[in-house]
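Please work from the sequences and hints to get the whole structure.
Here's the letter readout for the chains.
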Amino acid sequence: MIKRNGNSIRESKKTNHQLDKLSPFVFRIEVKENTGLADEIVSRELSEVFSLQIEFDCFKLPSFAEWLQKLDDQPGDFNLVIYVRNLGEDPRSALWGLRHLKKLDELGIIIEASEPEEKVEVRLDELKLAENSSFRTRAVVEIDCRTEISSLKKLLDRVFLETSASVYLRKKIGHSLNRASEFSSLIANYKDRLLPLVFEDCFPEINPELWLPEISCRGAQGSCFISADGHIYPCRKSRFPEGNILKDRLKEIFESWGSEEIELCLENVAEKRKQLLLPVAGEKPFLIESDLKPIPLFRVREEKQGATLIKGLDGLAVTSKGYEIIRELDRKKTLKSLKKKYGGEAISFIFSLFMSGFLKFEK
Amino acid sequence: MMSSKKLEFSEFKKVLTPEAIITSVPDLYFSTRNTRTLVVEPESASWIILQAASRGFLLRSKILRPGTNERSWKSLAEIYELDQSFNQNEIDWWLYSLFLRNMITLNGQTYYQSSNLWAVQQYPHYFNIHIAESCNLACRYCRCDHEANDRELMSVETVKKIIRRVLEEIPREKVIIGFHGGEPLTNIDCLVAGAKYARELASALKKKLTLSLQTNGVLLTRYSELLKELKIEVGLSLDGPEAIHNRQRVFASGRGSFGEVIEGLRRARKLGLNPGLLAVISDPQNYVEVAKFFIENLDSRSFRLNFLCYEGRAKKGFNFEVDRAELFVEHWLKLVDLAIDYHRETGYWLSVDDLNLFIAHLADKSRPQMCYRAPCGAGNSILGFGYDGQIYPCEELVGKDEFCLGTIDDPKPLPQLLVESEINQQIQQQRKVENIKKCRTCPWRRFHGSGCLNKSFEFFGDIFHEDPMCHFYRRVFEELMWKTAENPDLINLIGYYKNYLKDPEANFLENII
Ligand code: SF4
Ligand code: SF4
Chain U
261 MIKRNGNSIR ESKKTNHQLD KLSPFVFRIE VKENTGLADE IVSRELSEVF
311 SLQIEFDCFK LPSFAEWLQK LDDQPGDFNL VIYVRNLGED PRSALWGLRH
361 LKKLDELGII IEASEPEEKV EVRLDELKLA ENSSFRTRAV VEIDCRTEIS
411 SLKKLLDRVF LETSASVYLR KKIGHSLNRA SEFSSLIANY KDRLLPLVFE
461 DCFPEINPEL WLPEISCRGA QGSCFISADG HIYPCRKSRF PEGNILKDRL
511 KEIFESWGSE EIELCLENVA EKRKQLLLPV AGEKPFLIES DLKPIPLFRV
561 REEKQGATLI KGLDGLAVTS KGYEIIRELD RKKTLKSLKK KYGGEAISFI
611 FSLFMSGFLK FEK
Chain W
2 MMSSKKLEFS EFKKVLTPEA IITSVPDLYF STRNTRTLVV EPESASWIIL
52 QAASRGFLLR SKILRPGTNE RSWKSLAEIY ELDQSFNQNE IDWWLYSLFL
102 RNMITLNGQT YYQSSNLWAV QQYPHYFNIH IAESCNLACR YCRCDHEAND
152 RELMSVETVK KIIRRVLEEI PREKVIIGFH GGEPLTNIDC LVAGAKYARE
202 LASALKKKLT LSLQTNGVLL TRYSELLKEL KIEVGLSLDG PEAIHNRQRV
252 FASGRGSFGE VIEGLRRARK LGLNPGLLAV ISDPQNYVEV AKFFIENLDS
302 RSFRLNFLCY EGRAKKGFNF EVDRAELFVE HWLKLVDLAI DYHRETGYWL
352 SVDDLNLFIA HLADKSRPQM CYRAPCGAGN SILGFGYDGQ IYPCEELVGK
402 DEFCLGTIDD PKPLPQLLVE SEINQQIQQQ RKVENIKKCR TCPWRRFHGS
452 GCLNKSFEFF GDIFHEDPMC HFYRRVFEEL MWKTAENPDL INLIGYYKNY
502 LKDPEANFLE NII
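Sequence order for the protein chains is U and W.
Under the numbering used here, read the first sequence as residues 261 to 623, first letter to last.
Under the numbering used here, read the second sequence as residues 2 to 514, first letter to last.
Quick caveat, the hints were computed from the structure, so don't treat them as lab data.
Being a predicted model, the structure only gives us computed values, none of them experimental.
Careful, some of the hints might be misleading.
Listed next, the in silico EDC-like pairs over lysine to aspartate or glutamate satisfying Cα-Cα at most 20 Å (straight line) [claimed, not checked]:
id, chain 1, residue 1, chain 2, residue 2
1, U, LYS623, W, GLU44
2, U, LYS564, U, ASP280
3, W, LYS433, U, ASP337
4, U, LYS363, W, GLU459
5, U, LYS388, W, GLU480
6, U, LYS388, W, GLU322
7, U, LYS388, W, GLU331
8, U, LYS571, W, GLU44
9, W, LYS366, U, GLU622
10, W, LYS433, U, ASP365
11, U, LYS388, W, ASP324
12, U, LYS330, W, ASP463
13, U, LYS571, W, ASP28
14, W, LYS484, U, GLU422
Some residues of chain U that are not near chain W, with every Cβ distance over 10 Å (derived) [claimed, not checked]:
id, residue
15, LYS281
16, SER303
17, LEU321
18, GLY490
19, CYS495
20, ASN504
21, ILE513
22, LYS596
23, GLU605
In this text, a Cβ means the ideal position worked out from N, Cα and C, and glycines have one as well.
Set out below in structure tokens:
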């Protein structure tokens with residue numbers, strides 16, 4: 261029987277076909293009125309983007325709707341996720357317009373957990389209205405250092421009971437978490453009931469098993485944040501910008517992507533996440549019948565040295581050797597034939613893709 | 002591992018050696034109510050409800066993990082070791098149930114190969130001919146928003162040409178020809194000539210032919226006898242009790258048509274024709290009232306209720322609030338309760354379209370109804386013909402230039418025309434759940450199949466969007482899963498779709514572990 265141990269976990273997390281560094285394909289952008297992020301700049305860089313999460317404070321009609329429409333008309337197959345703190349004066353008209361966006365995947369309503377009850381009520385109504393209007397919805401619950409666990413619980417219970425939205429938890433910028441242990445047990449309870457609760461960014465104050473598996477910020481591995489003034493950060497909480505989209509080209513920024521903050525983030529999030537999720541290596545590939553055919557479930561972005569495989573919020577950078585194998589996955593080739601051509605290590609590589617949910621096998 | 006016969010538990014247990022590797026599958030959907038959790042595997046349209054014990058165990062063993070693409074991986078021996086208070090047979094049964102639903106893989110394999118499910122037909126079998134675009138009513142929600150003029154009638158020559166080409170050129174044994182419009186009974190010569198010609202030709206070519214007609218019923222009193230003679234199956238549009246019907250289905254003068262339609266229905270029934278009833282629901286509060294009217298006043302246990310769509314004249318005169326779908330859900334679910342009560346009181350199960358179809362989709366993988374798969378039936382299961390002989394991929398698209406595939410006078414054989422038409426190719430290759438942002442990751446994508454191409458076009462202006470009533474489908478599929486868990490007998494609501502079940506013993510009780 262195969263036993264887990266720390267070493268083999270670490271060994272298994274990467275094969276020779278995988279690279280460490282991953283440049284972002286998920287962009288979170290903050291948009292304010294009169295934002296510096298002119299259309300051209302966003303569209304100039306869209307080839308890098310697979311998923312674009314845009315955050316509005318208050319949804320202003322018609323200017324935001326027009327801006328979004330132009331973005332939606334851009335070529336390219338990226339997903340839009342839109343966050344609003346407030347749907348504005350005419351929520352129905354705002355929603356009618358948003359519904360017509362082709363690229364829109366999800367709509368998030370930001371709810372500040374420390375707001376007075378009447379305000380929270382308005383946000384919940386907006387959330388329900390969005391859901392009833394056929395949006396896939398997220399309740400983006402923002403907590404700050406004042407948030408009481410009891411009121412957070414009340415809010416989360418209501419979201420789960422009254423809507424089918426997923427909850428995305430995050431901290432208000434510049435705030436930290438109080439009452440970490442009470443918070444942990446609250447979260448653990450929801451998790452035990454399989455309720456859809458995701459962490460938007462990291463919560464180092466609590467047990468990583470609670471937030472790491474489902475964190476939606478990939479900790480500088482695949483995602484980045486662009487503030488309304490164009491600064492590019494690894495994530496919402498970073499303090500030091502890596503560049504500015506109004507001045508620099510994204511490609512150049514990403515090439516020098518690697519400040520101390522990023523290194524720290526990689527260590528804290530990306531590495532830990534892999535350790536937590538990936539199983540042991542060893543003899544497992546040979547347990548798989550070799551006439552299975554690998555069926556890819558990812559999209560590919562070509563890079564200078566290889567490619568990035570992208571599935572949802574997950575990305576995997578592969579070497580040119582890895583990319584060569586990826587290109588062979590035409591839904592017809594079997595593990596047997598791939599092994600013959602590329603050797604056993606290719607099978608380990610394919611198996612690690614399978615384990616990360618990037619491909620499935622069919623007979 | 003998929004075979005036509007379901008994998009037996011005993012067979013499954015043989016493969017379950019202690020070394021067997023169990024992995025969870027990514028992208029599962031979870032929905033929790035109290036102590037139970039519904040799990041949906043979208044790609045194979047599978048679902049199960051976990052009770053507290055199985056849920057706790059599967060979660061702790063990390064066999065199921067919400068919200069992450071990564072999988073956990075364990076050998077069976079490790080799973081057994083995890084909690085000795087469960088007996089192995091019980092754990093095996095849970096694993097078996099998950100495996101049959103593609104929620105876990107065993108040594109890398111899943112039970113269904115999802116890319117082999119839901120084959121799309123190559124050639125249409127249903128040909129819908131608009132023999133009259135004009136109509137003797139002026140319904141307030143008509144899909145045509147112009148006044149059709151009286152000359153928009155198909156000629157006998159055109160109808161015969163369509164029928165000849167369809168029967169001769171399309172390589173299918175079973176063919177349905179439907180006469181539609183406008184009001185097809187306003188072009189009776191064409192109908193009679195077409196029906197007779199179709200029968201003769203089909204019998205010469207040894208094809209199995211069904212003829213059908215959709216009418217507003219105003220001329221049914223006059224033509225019932227003829228329709229019976231011609232052996233045409235009749236669908237009748239009747240929106241419910243007088244007050245409701247007369248608000249919507251009116252003559253040009255504004256007068257309601259209820260009297261004429263009921264008279265037509267009586268006459269038809271007296272002659273042994275049994276028209277299928279179809280109501281359009283514009284106000285969801287009417288669902289139950291309309292259904293009760295059909296059951297109690299018209300003695301009908303089988304009917305169809307469609308909701309009003311955003312099209313034609315309806316766009317102006319009706320409420321299309323952005324959140325209208327939720328109200329439809331609320332009242333449609335009352336219809337389900339009505340069906341349950343009716344069965345309790347009388348012992349009979351109603352057959353209400355699309356309730357019966359949705360139940361079928363919960364019970365089985367086959368997708369017999371062309372409007373609930375992607376690509377839908379447009380151009381592969383159905384063709385529509387305009388009064389002027391123009392060809393369209395679907396009845397609902399007749400008259401829309403953007404979708405015109407050609408004309409019946411084109412000498413190119415129809416199968417070739419379908420293959421060479423860029424419009425048709427675009428529909429077949431691009432309107433797929435994978436290409437529609439919203440549907441791509443939707444848990445219900447293989448239950449609902451993105452919905453109607455025409456409705457996407459009317460509401461969004463293109464064919465690459467989800468069904469505008471998306472919220473309705475998302476909700477009702479889930480609600481029906483929870484309801485069948487409470488009441489497994491609901492399988493009986495499947496109505497005539499049971500003929501399409503691949504697993505005739507489908508039993509909703511097995512969907513709870
Ligand atoms: S239309 Fe809506 S419910 Fe249907 S498959 Fe698409 S996203 Fe899912
Ligand atoms: S276009 Fe709409 S009505 Fe026609 S086959 Fe497709 S789904 Fe059905």
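Cross-check of the supplied hints:
A hinted pair counts as satisfied when its Cα atoms are at most 20 Å apart, and LYS623/U with GLU44/W qualifies at roughly 16 Å. A C-alpha spacing of about 14 Å is found between LYS564/U and ASP280/U, which places the hinted pair at or below 20 Å, so the restraint holds. For the suggested pair LYS433/W and ASP337/U, the alpha carbons sit about 15 Å apart, so the restraint of at most 20 Å is met. Restraint check for LYS363/U and GLU459/W: the C-alpha separation of about 18 Å stays at or below 20 Å, so the hint holds.
This hinted pair checks out: LYS388/U and GLU480/W have alpha carbons roughly 17 Å apart, not beyond 20 Å. Restraint check: the Cα-Cα separation between LYS388/U and GLU322/W comes to about 14 Å, which is no more than 20 Å; the hinted pair holds. Of the pairs offered as hints, the one joining LYS388/U and GLU331/W holds, with about 14 Å between alpha carbons and a cut-off of 20 Å not exceeded. Of the supplied pair hints, the one linking LYS571/U and GLU44/W holds, its CA atoms being roughly 15 Å apart against a limit of 20 Å.
Taking the CA atoms of LYS366/W and GLU622/U, the gap is near 18 Å; set against the 20 Å cutoff, the hint holds. The hinted pair formed by LYS433/W and ASP365/U meets the criterion: a straight-line CA distance of about 16 Å does not exceed 20 Å. At most 20 Å may separate the alpha-carbon atoms for a hinted pair to count; LYS388/U and ASP324/W meet this at roughly 9 Å. The straight-line distance between the Cα atoms of LYS330/U and ASP463/W is roughly 16 Å, inside the 20 Å bound, and the hint therefore holds.
As the CA atoms of LYS571/U and ASP28/W are separated by approximately 11 Å, the hinted pair is consistent with the 20 Å bound. The straight-line distance between the Cα atoms of LYS484/W and GLU422/U is roughly 18 Å, inside the 20 Å bound, and the hint therefore holds. Listed as a non-interface residue, LYS281/U keeps its Cβ farther than 10 Å from every Cβ of chain W; the least gap is roughly 20 Å. At the 10 Å boundary, the C-beta of SER303/U stays outside the reach of chain W, the nearest C-beta of that chain being 18 Å off.
Listed as a non-interface residue, LEU321/U keeps its Cβ farther than 10 Å from every Cβ of chain W; the least gap is roughly 14 Å. The Cβ of GLY490/U sits about 27 Å from the closest Cβ of chain W, beyond the 10 Å cut-off, so the non-interface label holds. Every beta carbon of chain W lies more than 10 Å from that of CYS495/U, the smallest distance being close to 19 Å; the non-interface claim holds. Listed as a non-interface residue, ASN504/U keeps its Cβ farther than 10 Å from every Cβ of chain W; the least gap is roughly 30 Å.
Its beta-carbon lying about 27 Å from the closest one in chain W, ILE513/U satisfies the requirement of being farther than 10 Å from that chain. Chain W leaves LYS596/U outside its interface by the beta-carbon criterion, the shortest separation being 13 Å against a cut-off of 10 Å. Every Cβ of chain W is farther than 10 Å from the Cβ of GLU605/U; the closest lies at roughly 18 Å, confirming the non-interface assignment.
Violated hints: none; the structure is consistent with every hint.
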